[in-house]
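S.K.: Chains as they are written, first to last, in the numbering used here: chain A, 354 to 1018; chain B, -11 to 63.
Each hint should be verified, as a subset may be incorrect.
Every beta carbon over 12 Å from chain A, so not counted as near; a handful from chain B, in silico [claimed, not checked]:
#, residue
1, M(-11)
2, E(-5)
3, E57
Derived pair list, reagent style PhoX-like, types lysine-lysine, alpha-carbon separation capped at 20 Å [claimed, not checked]:
#, chain 1, residue 1, chain 2, residue 2
4, B, K12, A, K586
5, B, K12, B, K1
6, A, K732, B, K51
7, A, K394, A, K985
8, A, K991, A, K823
9, B, K51, A, K826
10, B, K1, A, K594
11, B, K32, A, K620
12, A, K826, B, K50
13, B, K51, B, K1
14, B, K50, A, K732
15, B, K22, B, K40
16, B, K40, A, K839
17, A, K395, A, K853
18, B, K32, B, K50
Because the hints were derived from the structure by calculation, they are not lab data. Ideal Cβ positions, reconstructed from N, Cα and C, are used throughout, including at glycine.
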Amino acid sequence: MTDNLKIAFIGNPNCGKTTLFNAYTGANLKTANWPGVTVEKKEGRFVFNQKNIFVTDLPGTYSLSSYTLEERLSRKYIIDEEADVIIDVVDASALERNLYLALQLIELRKPLVIALNMMDVVEERGMRINISKLSEMLGVKVIPVCARKRKGLDELMENVFEVFEKRDESREFNNLCFTYSDYIESKISEIVKRFETKYPYTKNHRWYAIKFLEHDDEVKKEYIINLDDIVEKNYEDEIIKQKYDFAENISHKVLINKTEKNLLTDKIDLAVTNQFFAIPIFFCIMTFIFFLTFFVGDYLKGYIEEGITIFSDCLLILLQKINCGEFVSSLIIDGIIAGVGGIITFLPNIFILFIGLAFLEDSGYMSRAAYAMDGIMSKIGLSGRAFIPMLLGFGCTVPAIMASRTLENSRDRLKTILITPFMSCSARLPIYLIISEIFFGDYAVFAAISMYIIGILMAVLVALILNKFKLFKEHSDLLIELPEYKIPNLRTVFIYAWEKVKDYLTKAGTTIFVASVILWFLLNFNINGFSGGMENSFAAEISKILIPVMTPLGLGNWQIITALISGIAAKEVVVSSMSILFNIANISSFEGRGKLYTALSEIGFSNINAYSFMLFSLLYIPCAATIGIIKKETGSFKWVCISLFLQFITAWSVSFLFYTVAVNI
Amino acid sequence: MNLIDGEKGFIYKVKSINLDERVKRRFEILGMIKDTDILILNKKRNGSIIIKLRGTRFAIGKKFAEGVEIGGVSD
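Only chain B is shown next, with the shape it has when bound in the complex (with noise of 0.2 Å):
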């Protein structure tokens, strides 16, 4: 599943990022990088969500959000 289809409310664990070389650069250099934790705290209708990733909150567009893999739900 993709960080589109998370629940509000829940933490997962990135597996990959599928997106342009420069956009998955600029995500692990902000340390979203395999297997860390992502909480997701917001989502709106339009797809974009709000996610906390090593203690700071991201904004993050649909598009974007449709390109980051992850699994392994815990509440």
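The following block holds chain A by itself, in its conformation from the complex (with noise of 0.2 Å):
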């Protein structure tokens, strides 16, 4: 018996399978990307009966093709044995499609079980699925669960134990739960007897010659074999067509009470995907979401306010009290209190809000969403798929940018990388929350949405402009599955959004750590040391240097250009950088706030500047973060610098525009 075991959820998109994951797992969980991609890998740990189980969550693919690089990714991992049991998440609501991926893993004869989920969905329907006989056609074990309500989870691990256990015999016993037709079958067989020879150490030659029946490129690369006499032609049509015939015939023996009720779905769909109503609504939810956002963020605020500054207070005691000296004091309330500290503040708004962005994803809206966009989107040369990750943008634009991914056409995929950063994202929200409170009083809301509205314009106008260029003329049409609504799962919503806050928290003690530290430095010495003012700092003559390119922006000052350019480690330290600029402790704070406006108004800052600061802090060059996936995602410099000429241009010339304008009316 083994103390550690290995084992990986596969699955159909919108199957349940992250919602089993971390019914299992729940926040103990690791996220990174598939080693030199940028697919999300999560990995979790978990006890069952004294044993270390730790799963790995594939990514969610309607098949094990090698069309899509996730497609690719999920089947080396499971051909090279990296999992010890693999689990098959099957949506039993949709029994019929997802048996299609259940076929080509019974196929790769690995030690296997099926968990059929959404069960409580099936039951609601008032149907039925006979399990036994389900699991008596596919020749596995068949589990039923109910991931939701954390149903069956115990009995699935210990299926999954069984298999493992017994994994050897499973291996030997031949296993075919179907053939082809016998056409299909004699060219199996002539391939699987040229292939033994040639390779008589493989394991699986049956699925070999599947594959090579399919043309299926990575295959064919990697095993050099002449066949063309055998597969004069490509029988993926016919293989794909035989397998859902199976698939048909299973789900007809096994469903009881087979109906197509008018679901809640579809009545909801009547509304929401409405010609007429779809994109209101999609405004109203928008709406509501940066409500809650600014209001119910702000009030929240207001307690980690106070929390830091008891925090600050306290330590600046201790720290007199143990006489560290006013340099080591000021580094650290000065530098690392006001920075960091002035982050941490922001953390309600932004937990809200990717709240939200979980509650529309997890609950299906998210695909209404690309549809009832299809149209405008189409406008600007892209599929309303593309709008996922233009939305996503409005939470962080790293995995924004790695969402574009899910597009299959590379062109769409690289004008979508190139707009998305103009949707803003909620780093950049503490600056609008800061600046609008402080110079527009009662329209402090309305001036931050304006950012928001003013960030989709930009991405529309840019998406626009590159229409123009041949390379992104045409685009691809729209393909997504709308899965059946329901009720967002707590947990499930909850580890999302926790796991965004963990992220802005770790950038906090990090990024934004390190920057606050650099920044106190360039800001309190020059080349004779100390320097004993700001004024003749390092990071004075640097920024000193931009004041004719920002001067006709409103923008000529030297600690606003310190400001912007250190955003560029991340945009929340455009806040905290302004707090160590103007010496305030606490700078989200009602006197926090008070210091900034006097000291912003003794530069000479008004109203028009301070928006126009805002529009240039929406629009100018992406966080370093950003810039590292779009040269990851785009594999060139090229790109990157287009990227970034792009923004910053666009930045300038907005700016530019409102502040002449403004200045002249």
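Could you use the hints to bring the two separately framed chains together as a complex?
M.R.: What follows is the structure, encoded as structure tokens:
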């Protein structure tokens, strides 16, 4: 009996795989990327019957062909036997389609258990599934589970162990749950014979034979063998059809009371995807999310501010007591606490925004938004599907750019990558909240929301300009699954939002911490050592070079320029660096805001400059992490440079236009 | 006739998919193969439609809807 077991979850998109994964691991998971690519890899660990179980959540995929990166990654993972047992999560409410992937997995002949999820949905529809019959027909264990209600979890794991213990038996057992037509089978036998001779040590020759018949690029590349006389054409059409015929046959035999009732989803969709109401409904939902982000978030923010003030005061007393000197206490209080603390206060706003986005994703609404926006998106030369990364861009640009991977066409992907940074991410939110509260009083929320709208408009405008180039003329069409609506699973939503907040906190502890320390040094030192005044510091000298460029925007001031430059490390740093620049301990508190207002007024900053500053912050060069992900996704410095140039020019032009018009009115 | 010409609320049978090979394969993997039933759930003026295929709803853009040949209407 082993003490450790490695399992992997695989399944169609929207099959409840992530909910099942979360049900086992809770928040105890690690998100990373698959080596060398930007597809997210989730790993977790839990203990079952005193054994350590390591779980990997493979990307959601409809098949194991080698068309998409996700399919290739999952397939390679399974073939290389990186997991001891594979769990195929099957959505019982869409059995036929889910069985297609299951049949492909069975053909791989690895230790496999099927977790039949969403049994509650099936029961609600008044249907039943004959599970023992299904298991018998497929030749694998089928365990009913309900991930959302955490039912059947232990039973599934017990069976996983059983399959693992008997893995050698099942591998030896020549389990063919279904065979293709005689014609295809004769082709398979012929290929197997030839393949066995050339590659006798490769396991599961039958699977490779099927892949040769499907003209699978990956397999053909890896195994050089002449099969032209047997595989005279691509048989993939035929193989898919025969698999689906079998899936249909199974579904007919195991589904009891198969009905097509007018489901709740259809009723909701009547309104939500209605050609007149779809877009207004979408805007109402987004307005509601932003209302919660701004109003409820601000209310909660007050408590955190108080906490930070108390912490900062106590620390100051402590530092004075231990006599650590002005230098160290300035670094800690004016550098680190001002920088990092200023950012932490925005946690509630950011948490709420991510909860909102998680609700949209988990409820099944996100793909409806893609459909609703398809008409508008096609006018800017993209499919409605590209709207999802853009929408996620309100949260954080990095995962949003990663989400553009779901677009099949590389040109669509590139265009989406170029316009997504214009969508205002949550890191820019602190800038708007602080500046608009100081300068726009009662209209602060409108000033902040206008940034989101301008961000969208700029993304649209840039997309329209890109359309003029030959490269971006044609775009791929929409094809997206609209899953059943469901009440979002609180656990899933919370884990999603917590993951993002954790990232935000980690950023506060790492990037923002380091940036604050560096900035503090740059602001307090010059070539002669401790400068004694920021005016003569390194930071001031560097920023002063850019004054002529920024003066036409009303931003020709070295402090403002320093804040913007340091914002390239992470956008939150714009706020934290202002705390350091103007020596304000708790910038988002009432007193802190008052101090900032006075300091900005002293350098001649009016509300026109303030709005121009917000515009520039919205549109200028993205943060270092975004630049990194653009490089990784596009794989070329050329596109990184184009993206940076595009953003800087847009930011400069919009701020310039606004400032020029506003001061002349 | 093509999918784009179908009427809301009716079930059709897929005759052929006349799209780029890769796109065609994507549709096939989702279960859209010859003789499969397709129910049209919704249609927008811009041509994008929502269909139900083997119990799952999919939103399909205009160009794709033009490339799927259907026949055999039944309500």
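S.K.: Please go over all the hints and tell whether each is borne out by the structure.
M.R.: Verification of the supplied hints:
1. M(-11): The assertion about M(-11) of chain B holds, with a minimum of 19 Å to chain A.
2. E(-5): Holds, because the least Cβ-Cβ distance between E(-5) of chain B and chain A comes to about 15 Å, which exceeds 12 Å.
3. E57: About 15 Å separates E57 of chain B from the closest Cβ of chain A, which puts it past 12 Å; holds.
4. B:K12 to A:K586: holds (17 Å)
5. B:K12 to B:K1: holds (16 Å)
6. A:K732 to B:K51: holds (14 Å)
7. A:K394 to A:K985: Within the cut-off at roughly 16 Å; holds.
8. A:K991 to A:K823: The hint holds at about 17 Å.
9. B:K51 to A:K826: Status holds; Cα separation ~15 Å.
10. B:K1 to A:K594: holds (15 Å)
11. B:K32 to A:K620: holds (17 Å)
12. A:K826 to B:K50: holds (17 Å)
13. B:K51 to B:K1: Holds. K51 of chain B to K1 of chain B sits at ~19 Å (cutoff 20 Å).
14. B:K50 to A:K732: holds (13 Å)
15. B:K22 to B:K40: holds (15 Å)
16. B:K40 to A:K839: holds (18 Å)
17. A:K395 to A:K853: Holds. K395 of chain A to K853 of chain A sits at ~14 Å (cutoff 20 Å).
18. B:K32 to B:K50: holds (9 Å)
Every hint, counting from the list given before, is met by this structure.
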